[in-house]
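Novice: Dock chain B against the given chain A, drawing on the hints supplied.
Residue numbers (the numbering used here), protein chains in the order written: chain A, -7 to 222; chain B, 31 to 776.
Treat the hints with caution; some may be incorrect.
[What the hints assert, rightly or not] Here chain A is said to cover these stretches of chain B; the calculated rule only asks that three of the stretch's residues, wherever they fall, bring their Cβ under 8 Å from a Cβ of chain A:
{"hint": "1", "segment": "353 to 364"}
{"hint": "2", "segment": "518 to 529"}
[Claimed, not checked] Far from chain A by the CB rule (all over 10 Å, computed), these chain B residues:
{"hint": "3", "residue": "144"}
{"hint": "4", "residue": "294"}
{"hint": "5", "residue": "325"}
{"hint": "6", "residue": "403"}
{"hint": "7", "residue": "438"}
Just so you know, the hints here were simulated from the structure itself, not pulled from any lab data.
Where a beta carbon is used, it is the ideal one built from N, C-alpha and C, also for glycine.
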Amino acid sequence: MELQPERAALPADQTGTDHVRREERAPREKISLEQIKNLRKRFQQLSGDEDRISRADLENIPALANNPIKKQIIDAFFDKRNQRRGEAGSVHHIDFQQFLMVMSHFRPPTLKTTPEEKEAMRMEKLRFLFNMHDTDSDGTITLAEYRKVVEELLSKSGDMGQEAAKAIADAAMLEVASTNVPHMEPDEFYEGITFEHFVQILKGLEMESRMNVRFLDVDTTTMRCGKMKS
Amino acid sequence: MAVPPGQGAPKTHLAVAALLAVLLLAASASGDAPTDRASDGEHHPPGNKTHKKAFPVLDLKYEHVKTPFEISLWILLALLMKLGFHFIPRVSSIVPESCLLIVVGLLVGGFMKAIGEKAPVLDDTLFFLYLLPPIILDAGYFLPIRPFTENLGTILVFAVVGTLWNAFFMGGVMYGICQIGGAELGGVDLLSCLLFGSIVSAVDPVAVLAVFEEIHINELLHILVFGESLLNDAVTVVLYHLFKEFAQVGSVTVGDAFLGVVCFFVVSLGGILVGAIYGVLGAFTSRFTSHTRVIEPLFVFLYSFMAYLSAEVFHLSGIMSLISCGVMMRPYVEANISHKSYTTIKYFLKMWSNISETLIFIFLGVSTVAGKHHWNWAFVGGTLVMCLVSRVMGVVGLTYIINKFRIVKLTKKDQFIVAYGGLRGAIAYSLGFLLPKQKKNTMFLTAIITVIYFTVFVQGMTIRPLVELLAVKKKKESKRSINEEIHTQFLDNLLTGIEDVCGHYGHHHWKDKLSRFNKTYVKKWLIAGDRSSEPQLISFYNKLEMKQAIMLVESGSSAKLPGLSMQNIQPKVESKGRVLPRISKGREEEIRKILRANLQRTRQRLRSYSRHDLLMDPFEDHLSEIRFRKQRVEMERRMSHYLTVPANQEETPPVRRVRFESDRQDYTSRDRSSRDCGDDHALRQSPVSVDSMNLLDESSLPRPPQRKRQGPRPDPERRFNPREGQDEEEQETLKQLRRLSDPGPN
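In isolation and in its complexed conformation, chain B is listed as follows:
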């Protein structure tokens, strides 16, 4: 933070001293370090300052912790604000969070100015090196690949050509305004205007993310605007540096322009290359982490951050590097790491990007108040109007050309959303801030801030009602079903085949080639073990089964079980001999006893593993538990019809809730279904985390198939395991091991 040390110290100390006094009084024994007092002269320790050197009970040592203290205070403030917004119900549904955060920043900035304190400013090092990367990494790591690659051409056209158009149009028009504008503006030359245009024309990923997250529009539009905001970084970097250099020199030659074009390719392709290298390194490293699971997330974060920094060293596009690193790494890393690491990565990325975004908007507000401004009506007004005009013209013009090449054309509604969603944000501000301190640059900064505020506030607030009004297609909320996945794959193959029949080497043909290359060569290098040859459909299916299993266990009530079971779809011939519409209560009791006995045995066996020791993660290494879990889930599905149908004479589904330790007492030993048996035991066990309880629970049935065959009810087990043989089961379960409780972002 750019707070100059010592300047505002007295006032800060007075406020902090009061706080600290309270704290220190409570912990009065910690009177250590009496000797080295802070060197600040205005220090008033509550201890005594006599020559006798009495032992100071309380001491004040603020300078020592100043920087981390203030940073933490700021972050805490930001997060408390975020928390607070949700208590104001109506506001949070109308106003997007980014606006509220900027307002908070304005207020804080105003407050700090009022008390004479110098506020921290959003300087470029802080922004570009610490605040921006988490957001971009989060976006890049979870980028939906399929829509991105399907629309890559469109996105690139918008990002490159669109931004170029915006920059030059804005620059040109502003120059015109400056010429007409009068004496004040007359000193602004063309190159400065072009520089200004290049800064203000780039769509900002942070702002787009912040606003579009809340409106849930359909995937196509989201990826178009968002992809554009990511990929235009290369253009912005090149134009910015180009014009900055030349603005000082004062003139541009054709050779320079040509060099600029070359620079663009170097910047973008170089950035992508750097990111890809780090991504492959990260994937390769993750192949060997099976024994040190705890540090797996760190590899992902650090390789990505290094990719960003390495690109920045060479003035390549850091954003593109980060995106390509995340995209490259993800499929292989996810196949290698444990599910816990996966969850960690997901939540850490979300957490960091959230904090960053919050801080960026708050600082934007604070910097507005704290910074110097130079308002010029003509310039600022012109900028605002021209931004909108050039964006609309650019989008409409480009769409006309793009639609000739697209299969699914962009409608007028789509074009409107794309144009309206072109928000500017903190990147533009930081770039403007970096300009040397001249009068015209202050004017530029003011104009940039105005544009940012306008887009974030006005466009951000109105886009949601507009989306409703225009009935733009929203994101489909339903989860992916196995049928959709099957047919997506089927379609891929079908379309590739048709293209082959046509003799046309199209889109699908190359995609197919790439995926085959990936399967035969790349996966073998980057994925550990036999996971490397697992087809995508099977991975998807396994993930889905996991999710359903978790859902079943966590929801707890039989109402959530699918109403149909396997017997409904098996051919009648098989099911005839096995349908037992009713079983006697006695038999049911027998079954339950057997299940319970087995559960107990398993539980005792499992308890020997230490649950604190991540290195020896029982869920990762122990095959049979997962096998049992899987079988249990299937059995639940089938048993539900048999056991709960007669048992439901009470007409009350068993009431389940998230199991906490306190629930143990509530539970009675009255059996309702086999699953409750299991839960019963889970609860009576020692306090384990809810997650591991779920897992232990599911993995509870040892040897149910064999048992059941001897048991009184012959039918269910014949449908238990479609798979015969132990080997395939083990293979299967070994794969399932890797994705246990957490469903993941998809």
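Just chain A, same shape as in the assembly:
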């Protein structure tokens, strides 16, 4: 039997237990109980057996130290926009449900996913990326924010990276503007990348196939690897 993680509308302070409730998402996009159990173990490992994790817990992960966008990733976990409740802002602690909610953005499509569902998944993943870039939550990615993104990406590459980052971000922004609003007058001003433009510019990347973490894909009902099955 597969259970689904909790619905987004439940209040945040409900602590995560193994007892999870049915959720209103498309019934096929489930995270299986096995995966939930594994994630739960990991959550407990990160939080030191408490109910919530804080930023410090995530920052202490040694493998993340080399990641140039470490800060953005950690922020994404604590970003309320990723909880699908239409709220904005950030929190200081998240519980297991919220952790799962963030993780659920990385689930892959299955063979039975219909094209509409795939489209919905893609939007959801793109929205996650967009939220990561749009740090002031105003709904657009401004030039300054985009520059920050590129700078962070190149941050581990030494000084060479910083000078080029600005140029690259400028060129990228120009490209987005040219693609979406091709006929601007010289004195018109392109405010920033909206979500629609963002979707448009990343159309070719097929997010629903790429933005997946393999861990969530393990179909444990058919594999026997010594773990308990329900």
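Specialist: Chain B in isolation, oriented as in the chain A frame:
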């Protein structure tokens, strides 16, 4: 070529003599070498043969040039055929080129048989040592790494398990047919059938490339089928040698089977290792070639060919060696070599692989006519049907298992294309040709040829309409944008991070580790200079800028410029004070004069470099030109709004075309935009190649920033160079130096 000397000589000579007579008459002064005539007895020189030893004006000396002459003639024929196909419009869109070439080969073979001449046969030395390596090297060097490594597991399963399944299933079923088939087939034993199965079961890279090139399906399917065709070589080599040995002995023990498995690992891993060693050697060598740019491409070719030959010496998989050599070498070599060498490598590889492919298909046709055949309905029919059946069963079965491990599952459509794209080709033919000459082997060869023809003709021709019919996703035509590149990198880091948070050491984690290892250790050894620490995003960006710069200059019309400029995206606060919607004509003229003056000065300075001397390549060594080029490009973008907006009162964009020397006269001195200024001067200069003209053109503005600051229009230069300081510019431009005109395959 396997043409026996002397046999067909008389007839050849008659035909050639006529040709040569015409040629030699035209160049009658070249009557040298009168003394050593060809030793062939039937020689009829048009000169005289008297005892007086008169000076022969014309002489015939065919034997001397026979081999290269015939080889060149064949290649020329092949290429002319290729050329000719494109003049038959409807045919070339329905029938893939490989089919047409085979038909040509059949016709030529038929013709040669008709006149009694012995046709050259596709023998194995020619094929395996000369015709196959260029194709494989071309494929391996330009292999798209990302989709290949992402799907490596799937590809390996198809290549190894799939081929094994095909071989054994085919062998078994054919044995069954032979048993039932009657007296003629009864003598074929199990081992021979298994040998046959192993030959005919391998998907052929040449055929796959030839057909899939034309249908442009999406990257995933392309890499699956193509990758499978490359990696199954190891399996084929092992099975072939195994069964060939045992077919003579007549029996197989368990120990032998075990040895076979060990052999498989040795063959494949050994091949990869050999290739990797040569690849690293090649990369290391390229680090030191900065002073001898001209021979850089040769290193790439020779190291790769040596890798192939070395693997063949030990009966390892030559194809895998070649692929791993190309893959290993490429990132480092490309960072080290000049852009011209890069272009050379690209075009030479494409050229050679094209010729090879053409020749292979033609020879396949010729050999079919020339060779001996033994047709057996049951056997051949059975082979054909079983090939299809076993392929479909193999693909479907394996996909079922593979899908459990894949993130992006393979749909039924994908499976169909993978199964249908399993074409057989010349490798199977050559392996069959190598078998000892027995009656059953002739029958095998006939069956192999039939399968090849069927797959190439029927499957090759129908796959394109089927792809349309099934609405299989096609390759996305758009070029990579900077946004996509940024987000690809971003995603890589994001997914690695999420995996780390999950505590799961997955795919991305190891990829990240590998790339960090690469950056810290390997690149320092194999890449010259400060290029070794350049991040990938920056390289990509530089390449993109180059491409855009070239495009701007070559297209010539302002319509191609991006409609928006930097001012559209800069925050309003900055742009308020600087927007000048209109400038007066007088000012514009001033600007143009300044630009022209600067251009002239630069041009005079540049002319002192010799353009014939590759060793002293001005574009490689001279920093400021490239700096200027870069600035010029940016200036063009921004200036276009200012200069062409008012200037466009004539409503005609300046008509530009590829600049040839003849265009000089057409050009008037009427200014339309700053770029035209530059072009004007470029044209009036001495005849240089179009490429170098483009480059010189772009590099034309000395000191525009400083100039502009004093100039009448203060605004553009504040947005000229995002980079401050000379040092970074120089560093930047030094990197850009390496990739000038040619955009490259990606």
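Novice: Decide, hint by hint, whether the structure agrees.
Specialist: Taking the hints in turn, this is what the structure says about them:
Here's how the segment 353 to 364 of chain B fares: 0 of its residues keep a CB closer than 8 Å to some CB of chain A, so the rule of at least three is not met and the hint is violated. Look at the segment 518 to 529 of chain B against chain A: 11 of its residues bring a Cβ nearer than 8 Å to a Cβ of that chain, three or more, so the hint holds. Every beta carbon of chain A lies more than 10 Å from that of residue 144/B, the smallest distance being close to 55 Å; the non-interface claim holds. At the 10 Å boundary, the C-beta of residue 294/B stays outside the reach of chain A, the nearest C-beta of that chain being 27 Å off.
Residue-level check passed: residue 325/B sits 30 Å from the nearest beta carbon of chain A, beyond 10 Å. Every Cβ of chain A is farther than 10 Å from the Cβ of residue 403/B; the closest lies at roughly 46 Å, confirming the non-interface assignment. Residue placement check: residue 438/B does not keep its beta carbon more than 10 Å from all beta carbons of chain A (closest about 5 Å).
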